[in-house]
Amino acid sequence: MTAAPLLQVEGLTTLFRTGRGEVAAVEDVSFALAAGEVLGIVGESGSGKSVTALSVMGLLPEPPARIGAGRIRFEGRDLLAMPARERRALRGAAMGMVFQEPMTSLNPVFTVGDQIVETIRTHDRLPLSAARDRAVATLARVGIPSPARRMQDYPHQLSGGMRQRVMIAIALACAPRLLLADEPTTALDVTIQAQLLDLMRDLQTERGMGIVLITHNMGVIAEFADRVLVMYAGRVAEEAPVEALFDAPRHPYTVGLIGATPTLEGTGGALVTIPGTLPRLGDGLPGCGFAPRCLRATAACRAAPPPMVEVAPGHRVACLHWDRPTPGEARAPRVPA
Amino acid sequence: MAAYALRRLLQSIPLLLLVSLIAFGLMKLVPGDPAMVMGGPNATADEIDAIRRNLGLDRPFWVQLGAFYWNLAQGDLGRSLLLGQPVGAAIVERLPATISIALYSMGLTLVFGLSIGIVAALRHNTIVDQAAMVIALLGVSLPNFWVGLVLIVLFSVQLGWLPTGGYVAFGDDPVGWLRSATLPAVSLALLQIGLLARITRSAMLEVLRQDYIRTARAKGLSEWKVVGKHAFANVRIPVVTVIGLIFSVLLSGSVIVETVFSVPGMGALLGNAILRRDYPLIQGGLLFVAAALMLINLLVDILYAWCDPRVRIGGDAR
Ligand SMILES: Nc1ncnc2c1ncn2[C@@H]1O[C@H](COP(=O)(O)OP(=O)(O)OP(=O)(O)O)[C@@H](O)[C@H]1O
Ligand code: SF4
Ligand SMILES: [Mg+2]
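Heads up: the sequence lines are chains C and G, in that order.
Residue numbering for the first sequence follows numbering that gives the first Met the number 0, beginning at 0 and increasing consecutively.
Residue numbering for the second sequence follows numbering that gives the first Met the number 0, beginning at 0 and increasing consecutively.
Watch out, some of these pointers could steer you wrong.
What the hints assert, rightly or not - Using C-beta positions, here's what the derived DEER-type ranges look like:
hint : chain 1 : residue 1 : chain 2 : residue 2 : range
1    : C       : 81        : G       : 302       : 40 to 48 Å
2    : C       : 147       : G       : 3         : 46 to 54 Å
3    : C       : 303       : G       : 125       : 36 to 44 Å
4    : C       : 207       : G       : 4         : 50 to 58 Å
5    : G       : 297       : C       : 123       : 15 to 23 Å
6    : C       : 206       : G       : 297       : 46 to 54 Å
7    : G       : 136       : C       : 20        : 26 to 34 Å
8    : G       : 302       : C       : 126       : 27 to 35 Å
9    : C       : 82        : G       : 312       : 50 to 58 Å
10   : C       : 126       : G       : 312       : 26 to 34 Å
11   : G       : 3         : C       : 197       : 39 to 47 Å
12   : G       : 124       : C       : 68        : 47 to 55 Å
Rather than coming from a laboratory, the hints here were simulated on the basis of the structure.
All C-beta atoms, glycine included, are put in the ideal place defined by N, C-alpha and C.
Make the full structure from the sequences, and use the hints.
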């Protein structure tokens, strides 16, 4: 690893101003992504996955959000120290993002064509006709039938799956080197999910982009990710290459996640099957956030946040008792999918 | 789009018929003998007879109704008792003053209402936002005749910049028109600026929270494009409806302001007609105002459809 990684996040802490003061939605999160690599981020709802991705893109509204600490480097350049104008030039061009909400992410009063062409013309000073051609080609590439006609459609004339394809086309129109995909398929039905994930994988091999793929779904992770970041309550619980994660999960939360996934191919296996719930933001547990739900928890766990330990090359765990699995915890109670 | 406009136009015909019936019925609703009411307490029997014949009140009901519509179809609204002039001509004569002042204050309302509302939303929860909303609240709470009087004292009496009243037609002297129309337009506009600013601000705040605004930023668009194009195009939709209402109010709110500034407009004309019980003029005015409001509504609906493709192009997700 001599060249700078595509994306490097170090000690990221993102705070939100709320009625109860400033609380951290993401705390001390670090990870790196190489060009051409797919990093999966998993964790249950509210664990800070979207906030992490939006922090990288610089899309959180400030206020109430604020980056409290950390550094985000893209191709070696410090995004947080960069003038707003330079950072904006990267957005939509070098780094694209696909959101969780396909139904509401397109502007209802502009045509699909207008919304893609606009991105292209913002970053590459092309004549209108050339930008249109590229937009049509991109729509065709993401699998939209009769793309030239669809250019004139408004979002409300398209189905959810089609809208998400348009979002992917917008994100890809300027050939980004980094794609942040925040649960791009969660809101869609199962067959469409599979189609879109196949599409993303094809595009990834074709273009060699680095992808951060956020999902709830361990099956998707097993199939698409090279490396996995498991998040819990705004912190990294475990990070590992995908095989290591499934073969030898070290964090009790990861163990639960995998135990709760019936099959790797299946699309079921939501994360809600581990007993208990996420602590509320700012509840200020002094120790490990997972302690209330953890079968291994000891007094030491509740005293201070567990440090990150490297248990194998590229495999990091934030757990005091990573090497002391409790019998029975891998058989986390299952809820039929 | 044209078909949509035509359909809406046809839909307004029944309503117009209803209003004309009400206008006709007005004469029947006058307590006692309308001719006597109009003649006043000192009128002789001959004078009252003349009024009765003039209005056709001596003829049977159905004949009166038929004659009313027959004349209406020919654009004949009858003759004003007071002015001794055809009602249509009287209205046409007074119209330019009222409409030009209403358009002027509409312009002021749009420019200031929209910009104050947008700036307040963009500076949400800052001192700028609070100041803008205090100004808007003042605009809403001050009665326009009082504002008119204060403006006259300030700009006409004290500073001597603008005339205290009267009206100069635009065609005769554009600068004179501007001088004579400014104070009435401003005093009419103040309330509406306050209203529009508040509505624009809340619409803008709502739109800025939407996912597609985040998408626009994710595409790397400048803040100007995000707000000026993506947000504004959606803010327009609720605002257009309000603008129609505001214009109706500006047209009808002119009664008091025209009196304060002695502008010879529709408001003053109809106000007088009502005070003096000039029924043909009231009838004509009612018909005219109803038609104007319907036209405004029609324009608003068309604008609305033009702003929102979900209305213009029906059809759900395929
Ligand atoms: N604008 C905001 N103001 C206050 N708190 C926020 C805001 N946005 C997110 N949060 C908080 O940050 C935490 C992390 O949210 P985030 O959206 O990153 O979760 P997530 O892992 O993406 O969940 P999901 O799987 O439901 O998308 C949540 O507790 C959420 O309440
Ligand atoms: S640190 Fe303790 S409480 Fe936290 S996960 Fe590990 S064993 Fe459980
Ligand atoms: Mg999320």
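*So does residue 207 (chain C) sit 50 to 58 Å from residue 4 (chain G), Cβ to Cβ?*
holds, 53 Å
*Starting from the hint 46 to 54 Å, judge whether the C-beta atoms of residue 206 (chain C) and residue 297 (chain G) obey it.*
Roughly 52 Å apart at Cβ, these two residues keep to the hinted range, so it holds.
*Measuring from beta carbon to beta carbon, are residue 303 (chain C) and residue 125 (chain G) in 36 to 44 Å?*
Hint holds: Cβ distance 40 Å, inside 36 to 44 Å.
*Given the range 26 to 34 Å, decide if the beta-carbon distance of residue 126 (chain C) to residue 312 (chain G) lies inside it.*
Holds, since residue 126 (chain C) and residue 312 (chain G) (Cβ atoms, about 28 Å apart) stay within the stated range.
*Can you let me know if the beta-carbon spacing of residue 302 (chain G) and residue 126 (chain C) is within 27 to 35 Å?*
Check passed, 32 Å falls within 27 to 35 Å.
*asked:* 40 to 48 Å was suggested as the range; check whether the CB atoms of residue 81 (chain C) and residue 302 (chain G) agree with it.
replied: The hint (40 to 48 Å, Cβ to Cβ) holds, given that residue 81 (chain C) and residue 302 (chain G) are roughly 42 Å apart.
*Does the Cβ pair residue 136 (chain G), residue 20 (chain C) satisfy 26 to 34 Å?*
The hint (26 to 34 Å, Cβ to Cβ) holds, given that residue 136 (chain G) and residue 20 (chain C) are roughly 31 Å apart.
_Assessment of proposed distance window 15 to 23 Å (beta carbons of residue 297 (chain G), residue 123 (chain C))_ = violated, 44 Å
*Indicate whether the distance between the beta carbons of residue 82 (chain C) and residue 312 (chain G) respects the range 50 to 58 Å.*
Because 41 Å falls outside the window, the suggested range is violated.
_Cβ separation of residue 124 (chain G) and residue 68 (chain C), checked against the hinted range 47 to 55 Å_ = violated, 25 Å
*Holds or violated: 39 to 47 Å for the Cβ distance of residue 3 (chain G) and residue 197 (chain C)?*
holds, 42 Å
*Is the distance from the Cβ of residue 147 (chain C) to the Cβ of residue 3 (chain G) consistent with 46 to 54 Å?*
violated, 26 Å
In this structure, the earlier hints numbered 2, 5, 9, 12 are contradicted, and the remaining ones agree with it.
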